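S.K.: We have chain A already, so just place chain B on it with the hints.
Protein chains in written order, with this note's numbering: chain A, 330 to 810; chain B, 50 to 313.
Read the hints as simulated data drawn from the structure, not as lab findings.
Please read all numbers here as calculations on a predicted model, not as lab measurements.
Using N, Cα and C, we set each Cβ at its ideal position, and we do this for glycine too.
Just to be clear, a hint being listed does not mean it is correct.
What the hints assert, rightly or not - Facing chain A, a subset of chain B residues (Cβ under 10 angstroms, in silico):
#1 202
#2 218
#3 223
#4 279
#5 285
#6 287
#7 289
#8 306
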Amino acid sequence: MGGAGAADVSRQRHDGLEDPVRFIDERASAAPLMRKAMRYLFPDHWSFLLGEIALYAFIVLVVTGVYLALFYVPSTAQSVYNGTYAPLRGTMMSDAYKSVLQLSLEHKAGLLLRQTHHWAADLFLVAIVMHLMRVFFTGAFRRPRELTWIIGVTMLGAALLEGFLGYSLVDDLLSGMGIAIAYGVGLSLPIIGGPLMLAIFGAPFPGKPEFFGRMYIAHVFLLPAVLAALIGAHLALIAARHHTQFRESKRTTNTRMVGAPLFPAQVPRSMGLMFLVAGILFLFGGLVQINPIWQWGPFHPYLGENGAQPDWYLGWLIGALRLTPSFDVTVGHYTLIPNPFWGGALFPLIVLGVLAGWPFIERRFSGDRAVHNIAERPRDAPNRTAFGVAFLTWVFLIFAFGAADRIFVLAGLSYDTQLYIFRIGIWVVPLALFVLVRRVCRQLQAADAVQAIQEQAEEEAEQETQRPQPVLRSTRSEPTA
Amino acid sequence: MIGPRLTAVIIVALLAGPTAVALAATQVGIVRPTSEPARPSAALGAQLYAGNCASCHGIAGAGISAARPGAGAVPGAGPPLRRVGALAVDFYLRRGYMPLSSIHDEPGDQRVLFSDKEIRSLVAYVAGLGRGPAIPHPVPDPANISDGFSLFTDHCSGCHQLVGRGGFVTGAKVPPLQSIAPTQIAEAVRIGPYLMPRFSRTQISDRQLNAIIAYVQSTSHPDNRGGWGIGNLGPIPEGLVAWWIGAPLLVLSARAVSRRRRSG
Numbered sequence: 330m331g332g333a334g335a336a337d338v339s340r341q342r343h344d345g346l347e348d349p350v351r352f353i354d355e356r357a358s359a360a361p362l363m364r365k366a367m368r369y370l371f372p373d374h375w376s377f378l379l380g381e382i383a384l385y386a387f388i389v390l391v392v393t394g395v396y397l398a399l400f401y402v403p404s405t406a407q408s409v410y411n412g413t414y415a416p417l418r419g420t421m422m423s424d425a426y427k428s429v430l431q432l433s434l435e436h437k438a439g440l441l442l443r444q445t446h447h448w449a450a451d452l453f454l455v456a457i458v459m460h461l462m463r464v465f466f467t468g469a470f471r472r473p474r475e476l477t478w479i480i481g482v483t484m485l486g487a488a489l490l491e492g493f494l495g496y497s498l499v500d501d502l503l504s505g506m507g508i509a510i511a512y513g514v515g516l517s518l519p520i521i522g523g524p525l526m527l528a529i530f531g532a533p534f535p536g537k538p539e540f541f542g543r544m545y546i547a548h549v550f551l552l553p554a555v556l557a558a559l560i561g562a563h564l565a566l567i568a569a570r571h572h573t574q575f576r577e578s579k580r581t582t583n584t585r586m587v588g589a590p591l592f593p594a595q596v597p598r599s600m601g602l603m604f605l606v607a608g609i610l611f612l613f614g615g616l617v618q619i620n621p622i623w624q625w626g627p628f629h630p631y632l633g634e635n636g637a638q639p640d641w642y643l644g645w646l647i648g649a650l651r652l653t654p655s656f657d658v659t660v661g662h663y664t665l666i667p668n669p670f671w672g673g674a675l676f677p678l679i680v681l682g683v684l685a686g687w688p689f690i691e692r693r694f695s696g697d698r699a700v701h702n703i704a705e706r707p708r709d710a711p712n713r714t715a716f717g718v719a720f721l722t723w724v725f726l727i728f729a730f731g732a733a734d735r736i737f738v739l740a741g742l743s744y745d746t747q748l749y750i751f752r753i754g755i756w757v758v759p760l761a762l763f764v765l766v767r768r769v770c771r772q773l774q775a776a777d778a779v780q781a782i783q784e785q786a787e788e789e790a791e792q793e794t795q796r797p798q799p800v801l802r803s804t805r806s807e808p809t810a
Numbered sequence: 050m051i052g053p054r055l056t057a058v059i060i061v062a063l064l065a066g067p068t069a070v071a072l073a074a075t076q077v078g079i080v081r082p083t084s085e086p087a088r089p090s091a092a093l094g095a096q097l098y099a100g101n102c103a104s105c106h107g108i109a110g111a112g113i114s115a116a117r118p119g120a121g122a123v124p125g126a127g128p129p130l131r132r133v134g135a136l137a138v139d140f141y142l143r144r145g146y147m148p149l150s151s152i153h154d155e156p157g158d159q160r161v162l163f164s165d166k167e168i169r170s171l172v173a174y175v176a177g178l179g180r181g182p183a184i185p186h187p188v189p190d191p192a193n194i195s196d197g198f199s200l201f202t203d204h205c206s207g208c209h210q211l212v213g214r215g216g217f218v219t220g221a222k223v224p225p226l227q228s229i230a231p232t233q234i235a236e237a238v239r240i241g242p243y244l245m246p247r248f249s250r251t252q253i254s255d256r257q258l259n260a261i262i263a264y265v266q267s268t269s270h271p272d273n274r275g276g277w278g279i280g281n282l283g284p285i286p287e288g289l290v291a292w293w294i295g296a297p298l299l300v301l302s303a304r305a306v307s308r309r310r311r312s313g
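One chain only, chain B, in its complex shape:
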């Protein structure tokens, strides 16, 4: 019992170095220095990295291949971060995928634990560890939305559903795409998180990506002429409506016309 926890504390203390580290963090599971500088900086990033990421991703992003006890008895293992660049860190942190609570989980708890300043700092720190792609700056292109739609059906709808409502693929839950900022959509396409394939610029050019993003954004408000959209999922909600609203109405009408005359 005590063994792993003690080692964890020692590792954390060693990695955090001279920085004062508040173990009782304000947010669950996050370790941050007691006093943070006012502006984002790679130095703050280094501190945050040491406290929250190094247990799995190793010192200075070297990676840890075999699982070994990490912070808070979390078995630590993770890919190296030397070449992932600003792009991947930005995505994983802004979508709340990191830090993982267990290396066996599919990332994607969607709880963003860091402030914007902290994210910028971590991005600056990890980006400085090696050469990697920068954060993309997509410009959604509504004029080419039809290209976006057909590219989306070609590349994405097999997993994300046609209106981006998500679903299930063997081994993973595919998230819905409605509340995701353009930058993170572009990052996801270039990274291919978890089971999602990564798409290079030859497969999907930046221009095409802008069109895809325009389409993905339009799915927050799809063209629901015809009335109540019931989820844009197709037959499952339709069947539920048929049985839970339609059937009772039909039964009520049968009862309405057959109410017995009280004659005797």
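The shape of chain A in the complex, shown without the other chains:
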């Protein structure tokens, strides 16, 4: 059969393979949508890809998580371990811990996937925070993108909770201590704390066995579903309102975008990025140990260890719990607001609240209600940039104090000295940075203005000298004429 004949046949068959758009359009009349999608313009700057990185980390989390779910047993029933790891043989442990132990030490690729899952969680939140910083400092949250921003902050909150649940499910000694702290913070919620914790745990800490089932469903179904739905809404809103862009060329304006169309330019870039991110996460999973639970041993409520910490993205809460001076709000003999409330509940609520409300807070101060499609450079909004730096520093210092015990061991600075320094520093340093950053921004702006004037003058001078000779000649010849 000749080549030409074969081509004819396939065209006659019209199986759509050579024209997928038409194939889908015939069946879903989706051509206008697809055309629009393919022509969607992506900004060129790398910082617009940070959110995409978070998305790919999420995908890796789902894929690796499915594998882990094939082995995990959400049960606190106790039994004796008789596996391969000598230091734990003969030890009583929950089925949950035992299943993760066996997954890590005995199943093929189990440890690789578990470690990749954990690194992906750590880096998912790293990417979210970097993405949030980019959007914040470029003012990309302004009208008409406030809703996209709020959804983003909500996802941050959901991701924090999701990560904490994953950390807790393993039922090793660290995760047990983490749950104990979370239980304490939950109890400290005024009035509703007690009943709420009882409802979730089923009984006072460590709770009824059902509690692990609840955490499990929340971790593998509820929160991922919520996150996926929010991601969908986030992306739909971005598509509807488009990305912002830096004013990188004169062609970019508030109403005109310049960039690479989704197809064919952006698709290979995004695919490339996805594979790079997945590659990095798997490299971490294969090369760098994370949460070696066999070294921690099983949790029992009477056990503890020195220096137990949550994963990094919850470290700020530990710092806040430790930094808060010890005081409760009491009414008669009734403790209305126990101490953990301030650091463990109020503090994160304030941080997430300020973040979520920022577009509206800023609007109040600036009075700027206009539509903005151009991403600002940080220096162009000195107040916002200064506030952002101060706010992040505030959270970061509180976070850093969460590791004060390690700072003590490494640097010898006593815990009480640090407590003293940090209690003052978390207010003074952000304030000083606010003033400093605002000044630097203004100076940069002023320098830019000078440069602009200079450039304009030079341009004019150049035009002056380059003005075509005939003109010069003609002006010179005028008087003689």
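M.R.: Relative to the frame of chain A, chain B by itself:
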């Protein structure tokens, strides 16, 4: 200025008795006779004790309760040593805790200032002052390492961290346990130095202690399958790696795929 220093010199001279004492010692702060016998002896111990310990622990281990100026203007005060026995002296000297430079410090500078011969001599001397426990001879028991691990989590990890990496408890720095000889681990458990509780034989039997020691020794080379162990401390180093290695790699990949086409 001169007062306390003069008294210190007088006290040292009196206590050192007829022995020739070299004040300019080879190692900082240590006073030792100009010529030491070749073999350890209680007599050498007595001389070393007089020069280095008596200012705080009193003559013949009687103890000094109220701080008073000691050698080198160090305010002297220390518990009696009559009943501590060979065990405690051996531990405090081999771990470099004694002599203290200041009675306000947590012992544990870990600078061993005495030679093995000198330590044996001091041990012999102090042990001879009264009846006290002898130096233990633990035999680490790797066959029972899982007992050791669970005993360690029961009794020790609250202060020493699960993999024995140390940490902080209110008022004290808790040392990591990786480079400590079995004998000194056993001694520490029986003494309970500083803020550490002491564990009697009814709380931790000698057999259990052997298992604990086997576990503690295994923490020098913990089972780090899964790759680079990053300190066996858990989330703090993990977070550092995420931000200092992970974040730059992610940013680099974003930059790699978004490098602008130079079109114009």
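S.K.: Confirm or reject each hint.
M.R.: So, going through the hints one by one against the coordinates:
A distance limit of 10 angstroms between C-beta atoms decides the matter here; for residue 202 of chain B the minimum to chain A is near 5 angstroms, and the interface restraint holds. Because the beta carbon of residue 218 of chain B sits about 7 angstroms from the nearest beta carbon in chain A, less than 10 angstroms, this interface hint is met. For the restraint placing residue 223 of chain B at the interface with chain A, the shortest Cβ-Cβ distance is roughly 6 angstroms, inside the 10 angstroms limit, so the hint holds. At its closest, the beta carbon of residue 279 of chain B sits 6 angstroms from a beta carbon of chain A; the interface hint therefore holds under the 10 angstroms criterion.
Annotation: interface hint on residue 285 of chain B holds; nearest CB of chain A at approximately 5 angstroms, less than 10 angstroms. The interface hint given for residue 287 of chain B holds, since its Cβ lies 5 angstroms from the closest Cβ of chain A, which is under the 10 angstroms cut-off. Hint on residue 289 of chain B holds. Least Cβ distance to chain A is approximately 8 angstroms, under the 10 angstroms limit. A hinted interface residue such as residue 306 of chain B counts as satisfied when its beta carbon comes closer than 10 angstroms to some beta carbon of chain A; here the least separation is about 4 angstroms, so the hint holds.
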